[in-house]
Amino acid sequence: MTLPASTDSDQPIRKSAQRLRWFVQAFEEQAEQTSRETGTRYTVDHGRLAAVFAQWLKDFQAQKPERDEDKPAYVGFAAGLMLRTLIEMKPVSVAALPGGADTTNPAYFWPEGYLYVVFCLNVRGLVLEGDYHGEQHTSALLNETRTWWSFKENVADDPSLAMAFLDLFAGDEPQWSVPHLFRTGRIRGLADRFYKQETLKAVD
Amino acid sequence: MREQPPIPRLTALQLPLRDALRGVATLAEVTEELLEPAAALLPGTVRDGFRSAVHAIEGAGKRLMTAPITLDSVRASSRVLSQGAGDRDALATMAVVIAYAWEHLRDAGHEHHLMISETMLAGHLASGSSLAGSTAPERAASLVADIAGSAVIGRPPGMPAVGSDADRAAIDTGLVSIMVWLLAMRAETMEEEEKLLDLASALVTAMGEETRAALVDRALLAGHMESLAAHL
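These protein sequence lines are chains A and B, in that order. Numbering of the first sequence is given in the working numbering, commencing with residue 1 and proceeding in unit increments. Numbering of the second sequence is given in the working numbering, commencing with residue 1001 and proceeding in unit increments.
So that you can see chain B by itself, here it is in the shape it has in the complex (with noise of 0.2 Å):
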């Protein structure tokens, strides 16, 4: 009997390659959103084939887009911001975690379209200077002012402007809960640890005020981020 070839198996995606379906998925949600009263005007079945298609990109997008993460990559990230910046390795890995929190909490609910470079970050990261400080929540105070200041987060060329201080906010919220979760006592397996990351969210949400006092000040936002995980 002849052997079947080999059935190619998909492999992970580049980081350049992956940050492209992050646009394509986040102009295909928001092309919908633009044109829904347009497509109110048109015939049901042209106005369903358009829906279709613009779900099947987004939907495409968004399955290739998130590199899978594991239990391990969780605690190799943390353990960049315990001990300081890590080989090449884990410093891309940290990127590739950072970027799956930002589009979880961004399916969790977030109402923004805010798009997250995995290159860019892999890039800063790199880089080193993101990691600055001698204590964990000091690196993470440092990371978290450095990529909001950076252009690693934003809204992809084509999207609608909308107020800077709304964008800002979602940025800050996002990236102080990532962080709060990553200096968090690890969870034993990955649905415990993305409930984790629900709830550093939320607490980041409940205490609002208080975050956006520690942010005018990265000795402050350490504290601050220190305190919420110890809570988490």
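In isolation and in its complexed conformation, chain A is listed as follows (with noise of 0.2 Å):
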């Protein structure tokens, strides 16, 4: 993914982030790329996305943490806040898919959610690539149908495990026990002993 140039020159790619112009330009980026990939056109409302942004930002002001130490672990744990907006708020539909589209394909299963996932990741990825020298390896599961049946049934019934099984698409730990909290890497020693990791809902 080409992100928008900064907003500022000398902020970091988090700061530039949390602009709504920022975030509009690199969204209508990724969907206008996705299309070229997959053929799939779609229809932004931008009054939405703006909406999306305006409820992301309240959510990442309200756990953001102090602690230099804990600042990687929060940018998956803000994407994983974004792909839950997105796909509570829906603000982009599907005009119409190619000819002959494979909906076994993840990116046909679930087109809208395919363009969440994939600009979350992509800008979770670059965020810590550039601010923090770090790596995401994406997992193979992304590209697992039976993955995305779990995926898209859970979040219909929990946004919040957007968060969770964002984290396992990049590569990480997910945090199936309330994801929508944030813990410091100290809490989070101590809650893996008390919350029990939850199996997701079967798909057959």
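Think of the hints as simulated: they come from the structure by calculation, not from any bench. A portion of the hints provided could be inaccurate.
[To be verified] List of simulated lysine-lysine pairs, BS3-like, C-alpha gap at most 30 Å: (1) A/Lys58 / B/Lys1195; (2) A/Lys71 / A/Lys58; (3) A/Lys64 / A/Lys90; (4) A/Lys71 / A/Lys90; (5) A/Lys15 / A/Lys58; (6) B/Lys1195 / A/Lys90; (7) B/Lys1195 / A/Lys152; (8) A/Lys71 / A/Lys15; (9) A/Lys152 / A/Lys90.
Once you've looked at the hints, go ahead and assemble the two chains, each given alone in its own frame, into the complex.
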């Protein structure tokens, strides 16, 4: 993904990403690129996109950590918050699928969800790489239709599970229990001893 | 060969004339809406003639009522907020920019017929009382309260009255959007500036609950607008 130019050349990407102008441009560019690659035509509701950003900003600021060592982990959490908000507020609809689209391919099985996931993964990876010299190694599950069935069904029941699924797709350890609660490094170690791992709803 | 006489060029219209045209365009728009049920009773050719006449008046008014603005005038208006009261020219420019932004947002789909008087706005700004405060967000909050509490924006005479709460909400949302836009980091082109103004409006609308809560107190409003501008 090609990111829009930073709104200020001295700003890290994570700061630019907290501006609506950058978010809208990046999302539009992602939608165009995904359309070129898949042949799916999307319609974007810009009013809803602004509402997504506003809701995400409120959620983002509510749990923003103060300790520097927690900030890289918060990048993944913030990307998950964005995916949850996109899925809840549905700013995109599909205008047309290409002829003969194979609906067992995740890109056509759930085209809107596919666009949201690709956007969030791309921004997540670029912030980690650009601002924290980290790397994102996406999982092979990203291309597995069975995982997408589970993803779509689970987030329909509980949109917060989108945050855990994004971790899964990004190759990180998902936090299935209370995924919308950010745990600092110290709290995460303690919490893992108390929260049991929930199993995903099985989809046959 | 005889030299052709120079073709007179249209110059920018003066302030009160632009306000008069705003009234004409707004009334034409509402007249068509009000007479829509009656228009259905007219024969087709008469109805079409009536509609063309109203559209011609509305279109001519809209084309002439908005003074063109430039990147420089937007930047000058932004500087008035950041530096406090500017000279007379800067304040007059700011009145033009705010009126332009108001018309732009209205044309972008805000369903109201509220008219802004550039003449009265210029007078308010020139008096200096509108720009109280020591920071840009404080001055912006002062300007919102001052304009909203005045008759600078309202329904022109002859317009049907609707609920004052709806008008008040539309005025508050429009003014806060314009101030958030002027407080934000400037764009590189006029096209981007107009898009930024639309985004400011979308952001203020999406943060409607927080904006309504902030409007009760000038300091709260200043902080709220500063935060929105930082995220625009």
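Which of the listed hints are broken here? Of the numbered hints, just 7 does not hold.
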